[in-house]
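S.K.: Sequence:
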Amino acid sequence: MNQVGKQVNEIMFVDENVDELVRQNTLTILMEKFDDPSKQAKERGNVLDENPDEIVVNQTTDYVPSITSSKCLGPNQPILSEYPTKLLGSEPYPRRFNPQLYKKYPWITYEIENDQCVCFSCREFENDDSFVFDNWKKTDKLSKHGRSEKHITSMTKWALSIANQKRDTSVLEQIHGAHKQQVISNRQYLQVILECLMFPAQQNIAMRGHVEDRRNIWEVSDINRGNFLELLHFRCKDLPWLKQKLQSQLEAHAQWTSPLIGIVSDMVLKRITNELRREIKGENMAALASTSSTLAAQEKQKSIKPMCWTTRHDDLFIREILMFEPWNFKKGSPERGNCWKSIAESLNQIVDPSFRVEDRSVSDRFKLLEKKYIKKTNEMDRASGIAPEEESEMEKGLREIIELFKDSDLTKHLEKEKQREAMDNEMQQAEELRLQSLETIGETSRRKGSDREETAPKRRRSDDTINYLREKSEKEMHVRQQELELKKAELEEKKTESERLYQMIMQQNEQNQALLQQQQQVNLALIQFLTKQNEQK
22 MNQVGKQVNE IMFVDENVDE LVRQNTLTIL MEKFDDPSKQ AKERGNVLDE
72 NPDEIVVNQT TDYVPSITSS KCLGPNQPIL SEYPTKLLGS EPYPRRFNPQ
122 LYKKYPWITY EIENDQCVCF SCREFENDDS FVFDNWKKTD KLSKHGRSEK
172 HITSMTKWAL SIANQKRDTS VLEQIHGAHK QQVISNRQYL QVILECLMFP
222 AQQNIAMRGH VEDRRNIWEV SDINRGNFLE LLHFRCKDLP WLKQKLQSQL
272 EAHAQWTSPL IGIVSDMVLK RITNELRREI KGENMAALAS TSSTLAAQEK
322 QKSIKPMCWT TRHDDLFIRE ILMFEPWNFK KGSPERGNCW KSIAESLNQI
372 VDPSFRVEDR SVSDRFKLLE KKYIKKTNEM DRASGIAPEE ESEMEKGLRE
422 IIELFKDSDL TKHLEKEKQR EAMDNEMQQA EELRLQSLET IGETSRRKGS
472 DREETAPKRR RSDDTINYLR EKSEKEMHVR QQELELKKAE LEEKKTESER
522 LYQMIMQQNE QNQALLQQQQ QVNLALIQFL TKQNEQK
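First residue of the sequence shown? That's 22 in this note's numbering, and the numbers climb one at a time after it.
Hint data in this document are derived by calculation from the structure and do not stem from the laboratory. Backbone N, C-alpha and C define an ideal beta-carbon position, used for all residues, glycine too. Heads up, some of the hints might be wrong.
Stated by the list, open to error - Taking lysine-lysine pairs in the DSS-like style, the calculated list, with each CA pair at most 27 Å apart, reads:
{"no.": "1", "residue 1": "K417", "residue 2": "K439"}
{"no.": "2", "residue 1": "K516", "residue 2": "K496"}
{"no.": "3", "residue 1": "K362", "residue 2": "K439"}
{"no.": "4", "residue 1": "K509", "residue 2": "K352"}
{"no.": "5", "residue 1": "K291", "residue 2": "K351"}
{"no.": "6", "residue 1": "K433", "residue 2": "K352"}
{"no.": "7", "residue 1": "K392", "residue 2": "K362"}
{"no.": "8", "residue 1": "K433", "residue 2": "K392"}
{"no.": "9", "residue 1": "K388", "residue 2": "K362"}
{"no.": "10", "residue 1": "K352", "residue 2": "K258"}
{"no.": "11", "residue 1": "K351", "residue 2": "K362"}
{"no.": "12", "residue 1": "K427", "residue 2": "K493"}
{"no.": "13", "residue 1": "K291", "residue 2": "K352"}
{"no.": "14", "residue 1": "K509", "residue 2": "K417"}
{"no.": "15", "residue 1": "K493", "residue 2": "K516"}
{"no.": "16", "residue 1": "K171", "residue 2": "K107"}
{"no.": "17", "residue 1": "K352", "residue 2": "K516"}
{"no.": "18", "residue 1": "K439", "residue 2": "K509"}
Said to hold, decoys possible - Using C-beta positions, here's what the derived DEER-type ranges look like:
{"no.": "19", "residue 1": "Q265", "residue 2": "K362", "range": "23 to 33 Å"}
{"no.": "20", "residue 1": "N446", "residue 2": "K509", "range": "25 to 35 Å"}
{"no.": "21", "residue 1": "E414", "residue 2": "C329", "range": "38 to 48 Å"}
{"no.": "22", "residue 1": "N245", "residue 2": "L271", "range": "11 to 21 Å"}
{"no.": "23", "residue 1": "S375", "residue 2": "N555", "range": "45 to 55 Å"}
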C-alpha cells in the first residue's frame with residue numbers, strides 16, 4: 022500500500038481524511054461500495070449452483086446493462102446462468118468464465134458481446150483499454166495486472182472518487198472552495214493596504230522614506246522606512262496573518278516597483294534601439310555581430326601579456342618537477358599528462374613570481390631546457406684545456422631529472438624485454454607440450470637429439486661480441502639501478518628535511534602570532550588603565 026499512498030500524494034486538492042482512507046486499504050473501500058455479485062444476483066432472482074464450473078447449459082440468461090460509461094458507479098459484473106464456452110489451445114474440453122473471479126478481483130468488467138474481461142479502473146480513470154483477459158485458464162494475468170503501477174494509480178483515483186461521493190463533494194468543488202478562501206484572504210489584505218495608504222493621505226504627510234527596506238517589514242528597524250511601511254509594521258502587531266501574507270508576497274515579488282521607473286526604462290530602451298537602427302542603416306547585422314565577437318576576442322588576447330620565463334621561474338619549475346616525479350609514469354600515458362597538469366596548476370598558484378602556464382607549455386619548457394643543457398654539455402666535452410663552469414642549482418636539478426628520466430625509460434624497456442622473453446618461453450613450452458602429445462616417446466627423444474645437433478653453438482666472433490655487449494649492458498644496468506636507489510634515498514632525506522623545516526617555520530609562525538596576541542592584550546589593558554586614570558582625574 023506504500024505505492025498507493027505515493028500515488029495519492031500526486032493528486033491535488035485531497036484532504037488528509039481521504040489520504041488516510043486510501044492508505045488503510047483501497048480494495049476495502051471498493052468492496053464496501055459494491056456488494057457481492059452473488060447477492061446482487063439473488064436479489065434479482067438468479068441463484069447460482071454450488072459449483073460455478075458446472076453451470077447447466079441452455080438456461081435463460083440475465084443481462085445487466087454496461088455501466089462503465091459512468092465513473093464511480095462500478096464495473097459491469099453480470100451473473101449469468103450460462104456463459105459462452107471456447108476451446109483454449111490444444112485442450113479437448115471447452116472452458117468458460119468463472120463468476121467467482123468477481124470476489125477476488127472486484128475491478129474486472131465482463132463484456133458479454135466479446136466474451137472477455139477488462140479493467141474498470143484503468144478504463145475509466147486512466148483511459149487505458151490495453152488490458153484484456155479472455156484466457157480463462159491463465160488467471161495469473163489478473164494478479165500480475167493488479168500489481169502494476171498504472172493499475173494501482175487508477176484504483177487510488179477510484180477510491181478517492183468514491184470517498185468524494187460519500188461526502189457529496191468533488192475535485193471541482195474543492196478547487197472552488199480553495200478559490201473562495203483565496204479571494205477572501207486577498208480582499209482582507211487589500212483592505213489593510215488601502216487603510217495604510219489612506220491614513221498618510223488624510224494627514225497630508227509623506228508616504229515614502231529615504232531608505233525603504235522591505236525585506237523584514239514586520240520586524241523593528243533602526244532606520245526610518247517611511248510612514249507607509251512603518252504603519253504596515255504597526256498593523257502586523259495587531260494582525261498575525263498580515264506578517265505571513267507580506268512574507269509570501271515578498272518572496273513572490275522582490276520589490277514594489279514604481280510605474281514611473283518602468284515608463285522611463287521603456288523610453289530609454291526605445292531610444293537606444295532607434296539610435297542603433299540609424300547607425301546600422303540596413304547593413305548585415307549578422308556580419309557585424311560576428312566581427313564584433315572576433316574583435317573582442319583579439320582585444321582580449323592582446324590585453325593578456327605573454328609570460329616571460331626567467332631564472333627564478335626555471336628554478337621553481339625544476340623544484341616542482343622533482344616534487345611531482347613525472348618519470349614514474351610511462352611516456353605518452355594519461356598519467357604523465359595529468360602529472361604535467363598538476364605541475365602547471367601548482368605553478369599558477371605562486372604569486373611571486375607569477376605563472377600563467379598550462380600542461381602543454383610546461384612540458385615544452387622542460388624539453389627546451391633539456392635540449393639547451395645537452396647542447397651545453399656536448400660543447401664542454403668537445404672543448405679541451407678549458408675548466409668546466411660550476412653548475413647552478415637549476416642545472417644540477419635538471420641534470421638529475423634527465424638522468425632519472427633515462428633510468429626510468431631504461432628500466433621500463435628492460436621490463437618489457439623480460440616480459441617478451443617470458444612470453445616466448447611460454448609459447449615454446451606450449452609448443453613442446455603440443456608436440457609431445459602428438460608424438461611417441463621415441464619420436465620425442467629423436468626430435469630433441471636432432472634439435473641439439475642443429476642448435477649446437479658454432480664458434481663465431483659475432484656471437485662472442487653480442488654476448489659481451491649483453492653482459493656489459495647488464496652490468497651497466499645493475500650499476501645504474503644502484504645509483505638510482507642511492508639518489509632516491511637522498512631525495513627522500515631531502516624531502517623529510519624540507520618537511521621538518523616547514524614544520525619548524527609553521528611552529529615559529531604560531532608562536533609569533535601568540536606573542537602578537539599577548540602584546541595586543543597588554544596594550545588594550547594599558548589603554549583601559551590609562552583611560553580610567555584620566556577619568557578619575
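S.K.: Can you name, in rising order, the numbers of the hints this structure does not satisfy?
M.R.: 1, 2, 3, 5, 10, 13, 15, 16, 19 and 21
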